[in-house]
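Peer 1: Each chain, written out:
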Amino acid sequence: MEQAHLTRWLAVALLATGLGIFAPRTAAAAQHETAADLLDGERAFKNTCANCHGPDGDVIPGIDLGRGRFRRPMTEEDLVRIIRTGIPNTPMPASQMTVEQAQKIVAYLRNRAAGVRSSVVAGDPLRGKTAFERTTTSGGCTSCHRVGSSGSRVGPDLTDVGSRRSAVEIERALLDPAAEVAPANRSYRVVLKNGTTVTGRLLGHDTFSVQLLDSREQLRSFAKSDLRELGFVATPMPSYRATMTPQEIADVVSYLSSLRGQ
Amino acid sequence: MRRALRLLVVLALVAPLQAQVTFDRILHGDREPQNWLSYSGTLMNQRFSPLTQITTANVKNLQQQWVWQAKSLEKFEATPLVVDGIMYTVQAPNDVVALDAVTGRVFWTFAYAPAPEGRPCCGKVNRGVAILDDTLYMGTIDAHLIAIDAKSGKALWNTTVAKASDRYSITSSPTIVKDKVIIGIGGGDGPIRGHISAFDAKTGKEVWRFYTIPGPGEPGNETWSGDSWKTGGVGVWNAGAYDPETNLVFFGTGNPAPDWDGRNRLGDNLYSDSVVALDADTGRLKWHYQFTPHDELDYDSTQVPLLADIQWPVGTASSRSGQEMRARKVMLWANRNGVMYVLDRATGEFLKGKPFVKTNWLDGFDAKGRPHQVKFPSPEGTLVHPHVHGGINWAPPAFSPRTGWFYVASWENSGIVAVTGQFPRTASANTQQTAMGQTNLVPFYNDSTEPFGVVRAYDPKTLEQVWEFKMSDITWGGTLATAGDVVFSGGREGYFLALDAKTGALLWKASVGGQVNAGAMSYAVNGKQYVAIAAGNALFAYALP
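Chains as they are written, first to last, in this note's numbering: chain L, 548 to 809; chain S, 209 to 753.
Derived by calculation from the structure, the hints in this document are not laboratory data. Glycine included, every Cβ here is placed at the ideal spot set by N, Cα and C. You may find that some hints are simply not true.
[Said to hold, decoys possible] Reference listing, derived: stretches of chain L covered by chain S, where coverage requires no fewer than 3 residues with Cβ under 8 angstroms from a Cβ of chain S: (1) 624-637; (2) 644-651; (3) 759-773.
[What the hints assert, rightly or not] Calculated lysine-lysine pairs in the DSBU-like style (CA-CA distance at most 35 angstroms, straight line): (4) LYS717/S / LYS583/S; (5) LYS537/S / LYS566/S; (6) LYS268/S / LYS771/L; (7) LYS740/L / LYS576/S; (8) LYS386/S / LYS410/S; (9) LYS676/L / LYS386/S; (10) LYS537/S / LYS678/S; (11) LYS676/L / LYS717/S; (12) LYS279/S / LYS771/L; (13) LYS576/S / LYS566/S; (14) LYS736/S / LYS771/L; (15) LYS537/S / LYS576/S; (16) LYS362/S / LYS268/S; (17) LYS332/S / LYS678/S; (18) LYS676/L / LYS537/S; (19) LYS362/S / LYS676/L; (20) LYS717/S / LYS562/S; (21) LYS566/S / LYS279/S; (22) LYS771/L / LYS740/L; (23) LYS717/S / LYS279/S; (24) LYS576/S / LYS438/S; (25) LYS771/L / LYS717/S; (26) LYS537/S / LYS562/S; (27) LYS736/S / LYS740/L; (28) LYS771/L / LYS413/S; (29) LYS576/S / LYS332/S.
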């Protein structure tokens, strides 16, 4: 990868995924990181931090450095300070690092939060937003998903998906949506004795009844005795591996990674 | 007309589709009797269901359809809403639950943990949600207003109305007018300055605020001595009413603070214990009527305003010409102070006032309706009727356009010994009767000389009692009237009752195992009429087999 291309990729990925994690970020830091900086940061992380935090940064409960999750909100300045001075009365020790060295670790962590993805192109969150909201022959993303106050409630709400899922996980959901579906998001289908089929998101069921949010966003309750057939069905979400270009996938991942809730 | 209405109901119920609840639907809630779109059914607060399936003839056959148990030991004061087969209610203090109105099974729960400083005086309760479009609105005991997606149960916005740490709280159901959510603030037994605020339903931004205690330079501020206006209480903790003809929204206001000691807040203490009529777009005061000037007996006037169009004698009170009658748009009010009122709702004119329970703090009114107060707290104690809990407290009353009568559940024969500057002593030998809050049934010892609960029907033209149904124990329950000429009510004994709206005869009862602390409501799904009531810690639904 050309150096300029990598730098641009990093800048966009950081912009897309770092919001809310490492914010506020200094503009200067974002502009001057190079791939070499990130490699330095990775080396330092693995030599020093990973001993306690683990290779993925997620060993200590409540902290997931690879996804930018901390026990309380952190700015980049906070992280640099903590890497250098430690946290008193905790196992987190002070280090001999310079500000510059600590900044490289923070840059590496920020980059990890963006994820190591199969796509090697830079994602543009604005283009991704347009692609996400575009109506397609299959209805487009918003025919099932909701962001803020627009889109459907039938699929998982993505308003804060960027704070719950890494870029890698989001990309996987686009390319191979059936690979992992959270229990609360599984699709359910009932077939009434008169042949009517209703699919939707399962909200609850018991020995005698089923509650769904159906594909028309109606809250529906059925007596099981009125049903001919019922059960989970495959996710209606298609794979976009063949229908979107790597560039479009990267754009949508960048956009979704930027969603941090309202 | 009735056939047309029935046809409408049937058509609407064949395939209930959950459409957006526009303000037009709320305003004309009576056009879709299968639904219950605001706290007391419509914005007139008549708590009247036009459904006719359950009648005086068949109500004896009612059967329990389902029970939903709240995960809460607080009093269950909420009236549920029903929109196209989906029921929304509040599990105290502030969890919103969406239920299938046919089975009582849960679709979703919105769980909210109020800040620990949210501690209302009288229980961590809530009286229900409001709905507009696809959004539910709930006030919280830590004085927030929260918008919740009615389909998914997700919060859309959360606005801080006032600081819970300053003893503000919200327990009432919000009132929707056009594109605004209007809500009052509680906490008026403490040193707050009460207000009513309107919020943009889409954004949660405050649009206007009306302080129930006027500030310096505003008319009415002179009715508070010294700086007492700053901390004079006057909370607003029940739903309002709305009249589209005048674009006025009406709210009842609470007691002045400190409750029992008026020595440092000399004057009438406007607008405490009043009804205020505000322009719904701007919050400007159009008129007010004060039920209890300079209150030292905690006679909150936070009952829901009930609007009705009735026949009324022509002319003023002093120059009425015979029996000639004409339609008049009035407001009916059974007040905590033991007096029942008829006011002109366009102007606030006092048309009539009359005690509806044993009352001795006044002996009449002047021409403008100001009460002539005769009993005041004294150092040695003064026996005052009614009790601090009132002839009625906050429970919602009902009005039937079919009978033209006003249905009120109240406490009779209750009194206090009011001692200057002190919490009043009970006038009853049995202090159990003053206990607030318990939702389990308690042993009952009163004899016939002690306070009792009673459901009564009144003719608003004369404020004369038409019939009554007496209970042994007192009641915190409301009343519901239906087009089947049944009045539903209940009390602390833990019975849910069906009475004949014309005679007061008991037609049916169900033992609900906990006290009734709410008003009942009625709805229909797939052509079947239900009646729902909260009692104890559970919500019950009844229908014909």
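Peer 1: Run every hint past the structure and note whether it holds.
Peer 2: Verification of the hints:
no., hint, in the structure
1, 624-637, "violated (count 0)"
2, 644-651, "violated (count 0)"
3, 759-773, "holds (count 6)"
4, LYS717/S / LYS583/S, "violated, 40 angstroms"
5, LYS537/S / LYS566/S, "holds, 28 angstroms"
6, LYS268/S / LYS771/L, "holds, 30 angstroms"
7, LYS740/L / LYS576/S, "violated, 68 angstroms"
8, LYS386/S / LYS410/S, "holds, 12 angstroms"
9, LYS676/L / LYS386/S, "holds, 33 angstroms"
10, LYS537/S / LYS678/S, "holds, 31 angstroms"
11, LYS676/L / LYS717/S, "violated, 59 angstroms"
12, LYS279/S / LYS771/L, "holds, 26 angstroms"
13, LYS576/S / LYS566/S, "holds, 23 angstroms"
14, LYS736/S / LYS771/L, "holds, 20 angstroms"
15, LYS537/S / LYS576/S, "holds, 18 angstroms"
16, LYS362/S / LYS268/S, "violated, 41 angstroms"
17, LYS332/S / LYS678/S, "holds, 30 angstroms"
18, LYS676/L / LYS537/S, "violated, 54 angstroms"
19, LYS362/S / LYS676/L, "holds, 22 angstroms"
20, LYS717/S / LYS562/S, "holds, 31 angstroms"
21, LYS566/S / LYS279/S, "violated, 39 angstroms"
22, LYS771/L / LYS740/L, "holds, 10 angstroms"
23, LYS717/S / LYS279/S, "holds, 26 angstroms"
24, LYS576/S / LYS438/S, "holds, 29 angstroms"
25, LYS771/L / LYS717/S, "holds, 32 angstroms"
26, LYS537/S / LYS562/S, "holds, 19 angstroms"
27, LYS736/S / LYS740/L, "holds, 22 angstroms"
28, LYS771/L / LYS413/S, "violated, 44 angstroms"
29, LYS576/S / LYS332/S, "violated, 39 angstroms"
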